[in-house]
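Q: These protein sequences, in sequence, are chains A and B.
Residue numbers are given in our numbering: position 60 of the first sequence equals residue 60, and the series is strictly consecutive.
Residue numbers are given in our numbering: position 712 of the second sequence equals residue 712, and the series is strictly consecutive.
Since the hints were derived computationally from the structure, they do not count as laboratory data.
Fair warning: this is a prediction, and the values are worked out from it, not measured in the lab.
To be clear about the criterion: a stretch of chain A counts as covered by chain B if any three or more of its residues have a C-beta under 8 Å from a C-beta of chain B, and this derived list gives those stretches: (1) 143–155; (2) 208–221.
Computed beta-carbon distance windows for the label pairs: (3) A:R230 / B:S912: 44 to 52 Å; (4) B:L884 / A:A247: 56 to 64 Å; (5) A:R230 / B:R866: 55 to 63 Å; (6) A:V220 / B:S1009: 34 to 42 Å; (7) A:P128 / B:T431: 55 to 63 Å; (8) B:W303 / A:P128: 34 to 42 Å.
Glycine included, each C-beta is placed from N, C-alpha and C at the ideal position.
Residues per chain, in single letters:
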Amino acid sequence: MWTDREISRRDMLLQAGGGFGALVLAGLLSESLSAGETTVAPSPLAARMMNRMARAKSVIFLFMEGGPSHLDLTDPKPALKKLEGKPLPDSFGRVITAMGEFDSPVLADQRKWRQHGESGQWFSDWIPNIATHADDIAVIRSCWTNGINHSGGVCQMNTGTQFAGRPSLGAWVTYGLGTPNENLPAFVVMQDRKGTVVNGPRNWGAGFMPALYQGTAMQVEGEPFLNLGRPGSVDARQQRLELDFLATINKRHAATRQDNSELDARIRSYELAYQMQAHAPEAVDLSEETAETQKLYGLDNKDTEAYGRNCLLARRFVERGVRFVQCYHGAGSKWDAHKGIEANHSTMCRAMDQPVSALLTDLKQRGLLDSTLVVWGGEFGRTPMSEKGDGRDHNPTGFTMWMAGGGVRAGHAYGSTDEVGLHAVEDRLHVHDIHSTILALMGVDHKKLVYLHKGQMERIDQNEGRVFKDILSVG
Amino acid sequence: MRFVPVILLLLLSNFVASAADELTPQQVELFEINVRPVLVTHCVKCHGDAKQEGSLRLTTLEEMLRGGESGPAIVPGKPGESLLLEALRYESFEMPPDQQLDGKVVAGIEKWIAAGAPWPKTAKLRPVSKITEEDRNWWCIQPIRDPAVPDVNDNGWCRNEIDRFVFARLAQEGIQPAEAADQQSLTRRVHFALTGLPPTEDVQATHQKLDELIDQLLDNSAYGENQARFWLDLVRYADSDGYNADHARPEAAQYRDYVVRSFNEDKPYDRFVMEQLAGDEIDPGNRDALIATMYLRHWIYEWNQRDVEGQWAEILSDVTETTSDVFLGLSMKCARCHDHKFDPLLQKDYYQLLSFFAPLQPREDMPLADLATRTEHYQQQKKWEAATEDIRKRLDAIERPALLSHSTREGVAKFVQEIKAMISKRVVDRTPYEHQIASMAARQFDLHPDKLPEWLDENQEAERQELRQQLAAFDHLKPRPLPTLSFLASDVGPEAPPTFILDDRSGVSVEPGFPFIIDDTPAEIVPPPEALRSTGRRTALARWLTDPQNPLVARVIVNRVWAQHFGRGLVDTVNDFGHLGTPPTHPDLLDWLATRFVEDGWSFRKLHRRILSSATWQQRSDRPITDELRMLDPSNTLLWRMNPRRLSAEEIVDAMLSASGELGVQKRALYRPVRRNKPDPQLGLFDFPGRIRSQGQRHQTTTSPQALMLLNNAWSHDRAAAMSTLLGSQPDDDFIRAAYRRLFFRDASGEEVAVAREFLNSYESVTPPPVRPKLLAEMADGTLGIDLDPEQKSSIQVPWFDELPNGDFTVEATVMLRSLYPDASVRTIAAHWSGNNGDRGWALGVTSTKSAYQPKNLILQLVGDRGDGQPTYEVIASNLRVELNKPYYLAVSVKLGDVSENGVTFYLQDLSMDDATLQVAHVVHHAKSEIRPQRSVEIGGRSKTHLWDGLIHNVQLRNAALSEEQLQADEATGLLFDVRFADEQHVGQDASSHHHDATVDIKGATAKSPQQLARIALLHALLNSNEMIYVD
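Using the sequences and the hints, build the whole thing.
A: Shown next as C-alpha cells:
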C-alpha cells in the first residue's frame, strides 16, 4: 500500500482505524505484518494484489486516437440509409456536438457489411483482417463517455476523468500488480508516428501516485527509452568500473546508516538500470523475428510498417512480462474525421487492420492470447449526423470498443446503440465500467484496488464503476 | 464568527406516519424497524427530494416501484429481482457508496421485500444529519491551546522549549534522545534546510556558531527561493494551461517571484494569505498584493472548451478545493457531490465555501491604483457613462450583431444558444453570472471593429459615424485610463451570482459560510468601497482564515514547516487533518508552536529559527536502532534521532550545478518553466509534482529510470566535466580530496582516497588514448602548425589574465595562409577584440579579395583612446603581402604612445627560402592608450568570425614593443605567452613558463586524455552517489 507519504504498513493500518479502511487494506496486504519494520523494503514494483483468478496477465491497449467511427466499422445501422440527407428526428434527443453542427443531415455509411466466423459477428469491409478473428473478439457496442472533445476524451479513457490529475489505467494496474520483470518498464507506451498524443505524457502519468507507476514512452526514433544508452564517450567496461566504484562508495556510506533502507534501494536501482540497459535493446530488436512474422505484421509495407512494428513490439513485451502496453494509432488525433471520412478512415484502417489482426494471430499461435487482454478503441465514436458534408463529429454518447484474449467471452457483440448509433441504450458501459471490467479480467477487484490520497480512498473508477460481468469467461 | 464546535440538533425525520389502515402492526413494525431507519440514514440524502441520483427517489413506495434509470428499486415479494438489494449487497451498484451495510441490516430489507414491502400509506422519508458527538470531538477543530512547557530532567540536553516537549514524550517511553550531530553534518544540514543549496567551502573555514549561521542563511536570498518551492507545490503553480494545447502563461512567473520575495521579506503569513485571496480588495494600489491574486488563476484551463459553464464550474471547484487543501489541510473534494464519507464535512459546507469564490472574475485589465485614485476614476467613469448611455446603447445595437457574426478564431457560432444569448447582451444587461460566462466565452473569439464599415450597410454606417461623433463630444468627461496588470483576478462586480448545490433541485441558493462543524455563524461580509466593484467575500474568507482563533490555519502551516525539516509532520498526513489522517504525535507541541507562530506575528523566519535551533533537530541521524527502539518506536515518530533526508528534485539539480561551479551561470531549478503537459524530464523523475492539483508533500521514489538518467544523460556528464575543469590539474590525491570537500563538505579518509585513486588507475588503464583527427600539418619548410579550416568553426582561446597588454605590445607568429575570403573579411591570426568598432582591442590579420587595402595585406586593426576618452577604430596596414601556401614568420611591434612613423613596425619573412630577407614596414597610428578589452585572446579568428584558413605554428604575445634586434635575439622581454601547435599531444600549450595554455575547441579535437576521462568518471560517480543526494 502506498500513500501520499511512504509510510509503513503498520502505520497504514493504524491510520485507517477500524472498520472499512482496515478491511480493505487487510485485503491488500500481500505480506504478513509481523515482517518487522526495518527489514529491507520490498520492491515497490512487487505485486500488491494477487491475480490468481485471472486469465489476463498483461494488457495491450490499442488506442485509436481521434475517435474511430463505430458506424463504419463494427455497428451497422441500416437506418442511416433511410435517413440519409435528412436531419435527425427529434426523438433521438439533442446532444452538444464538439463542432456545433447538430442539425446537419444524417450521413449514411458506404461500407459493405458481412457477418464473420461461426459467431456471425458484423464487421465492415474496412477491417477485413480483424474480421477474420470474429470468434476471438467481444465487441462492446454500448460504450459511453463524458468527454466531448479530444483532450477530455483521451484523458478520461486513460484516467477515468476528463480533468487532469488522476492516475492512468496502466498506472493503476502497475500499482496493483507490479511486474514480474523489473528489467523492463512495467508499463510501456508506444505511438505509430511522431505527433504528440493529445495531452502528452499526462495520459500515461501516475497522477497523485508516485511516478514509479507511470508509463514509459518508447521513442519513435533512436534508443528505445530515454537515457537507456551510454553516452558515446563511455564504453561498457568503463561504465562497469564506474558502477562498481559507485557501489563501493555507496555501500561504505550505507554501512554507518544501516537502518535507512532507501539507501539500499538506491544502490539496487543502479543495478536494475544496468540490467535494463542490457535487456531493453534485446526486447526491441525485431531482427530476431523471422521474415514470415515480419511480413505477417506488414513490416514489408510502408502503410502498415509503423503500427505493425508497434504491435510486434507489444507482443515481445508481453512475452517478457511487461504488464501494460499501450499502442497509440494515429497519434495526434489522426482518426478525427470531421470531414472526408471516406479518405480518412480508409487510410487509417489500412494502416491498422493488418497489424492488429497479425497481433491476434501471433498471440494465439504462441499461446499468449489467453494470458493477454487486447483492448481496441478510441476516446469516443462518431456521430450519425454529418459534419462539413462528408465527415462525422465526435460522439461520446455511444461507441464501440472491442476486447480479445485474456478471459474474455468472445464471439459475441454486447450492448447496443439506438437505431442510428447516437446513444448507447442497452447494457451501457461508461468508461468507469470499462476500466473496472479490464481490472476484473486481470483478476483485480476494482473496489479493492485503493490508494489513500488526501484522506480519501481513491479508486480508478471514482467509486462509480461496475464490472460488466457478461463478458467475463470466468468468475 | 465563532470557532467553538457546535452542538447540533439532530433533525429527526418527520415521524407522522398516520395509522396505516391496511397494515397490520407486524407490518408496520417490519417497516419502522427494518426499513425506515436504513433508508433515512443512508439513502434519501441522494435519492430524495433534494437530489435524485440516477433519477431514483426512495421517499415513497410509489417512487420505489417506479425506480430510476436502471429500473424499479424493488419488486415486492421478490427480493431476488430487487435492484435495491443487489445494490446494498454491492453486487452491481455499491450502495450506500461510503460503506457497505451490515449483513443483518440488509437481511432486514430482504425480509421486508419478501413480505410484500408494506409501507405506511402517508410515510414520506426525509434525510437526517450525520454529524455525531464523535465528530464534534475531532481534535483539529478544538481551539488551539497554549500548553505549559513541560519540566524535564534532561541533563542539559534541551536547547529550547521544543526539546522539552519532545524530551518529555520520549521520557514517557523511557527513550533517551540522541546527541547532536557533528559540526560538519550540521553545517551541511542547515544549509540545505534553509537555502536548498550545499555549503560553500569557505564556510568550512570560518567555524561559525550554528545559531549565527542560521540567522545568516535566513537573510540569504536563497532562503526565499527554497521556501517558494514548497508553496508553489501547494498552490499548483505552473507556467502553462494544462489540457491539450497547454498554452504558456508568461505572466505567471511574476507570481513565482512574488512568492520568493514574500518569503525573503518575511511577510507575515496572515498578510500573505490575505494578499493571495483578496489583495485586490484590501490593497488595490499595491503591485505585490495584486500579483498575489494570481493565486486565483493557477487552475488548468482549456482555451477552446465549448462547454463554458461546465468549465467555469470546474474552475470554481478547483479554487475552492485548493483553498481548503492549502489553508485548512482538509480535502473537501468529495463533499462536492455528497457529504464527506469520513469527515463531518457536508456538501453544503462545500458550496458555502465555493460561494466565497462564486463572484470571481479573471482579469487581464486589472487597474493598479490606490483607493483614492480608483474612486476618482470610478466617479468620473460613471459621469461619462451616464452622459453617453443612450448613444452607446444605440451604437451597440448597430455594432454588436455585426461584430459577433463576423467573429474569428473559434467564433461565436460554435456556442450553444444559451451562451450566444449571453454574449449578445450588453454588459449592463447581463446578470453577474451571465457576464462571467460571456466573458469566459469571449476568450475564444476575436472581434474586428476596424472592419465594421465593410460589414454595415450605408445607412447603418452613416448612423454609426454620427453616433461616434456624438460620443466623442463627451471625451472630456472620460477619465484617463489607469495602469493595468494582467493574469489577475477580482470579482465580477459588487453583486455575486447565486451558488447552488450540485444536483439540488430545490432552487435555493447557498450563501458564503464556513464548514458547519468548525464555525456555524454566518460569514460577515463587509462590502468594500464601491469603486472597487467587488463583493468583499474573499476578504471575509481571508479574515476568517487568518483569525488567530481559527483552529486549523496556524496548525496546518506550522505542521507543514515542521514536516519540511523533519521529513514528517507532527501530523504525519500534512494534507489531511481529517479522520483518515493521523492524529498529532505531539499535540501540545503543535499547539505551542502554532500559538508562538501567531504571537510572533506569523513570522516564518522565527519559526524556522526556533525549529533549527532545537536540540531535537540537531540530533544525529545515524543513531543505530536497538531492539528496544525497534519495539517502542520503529518509525521514529517520537524523534529519538534526526531523520535523514533525500534532496528534492530541485536541490539535486542545484547541488550538481553548484559543484561544477555553474550555479549563477545557470539559474536555479526553481526558475525552470513548469509545463504541465511536458514535465521537466529531470525534475519529473525525482518526484516533481504535476502541478495540476495542490500537493503538500512530494512522493519520494527511488527508481531505475532515475539511475539511468543520472548515469547516461549528457547533463550529468557535462557537470562532471565542468567540475573537473574547475578543480584543475592537481595531483590525483589532491584532486580526490578537493572533490570530496566540494561535494560532501568533509575530508576524504585515507581509505577513500586510496579507493578513488585505484579507480582512477583502473579506469585510465581501460581507457584508450583519444583517437582524434590529426590536428597538425606541415608547412612547406617542414614547420608543424595547427590546420585550421573555417568551415569547422574552430575556436582557440587564451583565457583573460591581468597582464594582457594595455600599452606597448608585440605579437609574433609563424603561419601559412591557404586562401582568402571572396569578400572583404579578414583572415585573422590573433585578436584581443570583439570585432565591434566601439570596443577596445586589436587584431592581427591578412586582408581578403575585396579589401579596400588590397588583398593579402598584413594589417593591424586597433581600437584605442586617442586622448578624447573614446575608443576609435583604425586599420594600420603594413602593405607587406602574405602569399598563399607559403610559411611566414611575421610580427607587429606597437609603441602605443608613439604616434609617429616609428609607432607601429611590421615584420615579415618568407620561411620557404633560406635566405629570404626580413621585410620591415613602419606605419603611423593614432590610438595612444586604453586598448585592452575584458576578454580572452583568440587565435585564428575574432568572435568566431574572420577565420584563418591554413596553418598556425605559434603565437607569441609580449606586453612590450620589441625592436628588430630584440626580435632577432628572441629575447624574453615582456613575454606573456608562446602558444604552440607543434606537438599533437600538447596542442595549444604555452611554451613560456606562464602556463597560459590555449583551450582548443575543434570538432573531434576535444577528445580528452585517459587521465582526464578517468577524473571525469570519478566525479560523475561521486555526483551519482548516495552521499550526494542524502543529507544526514
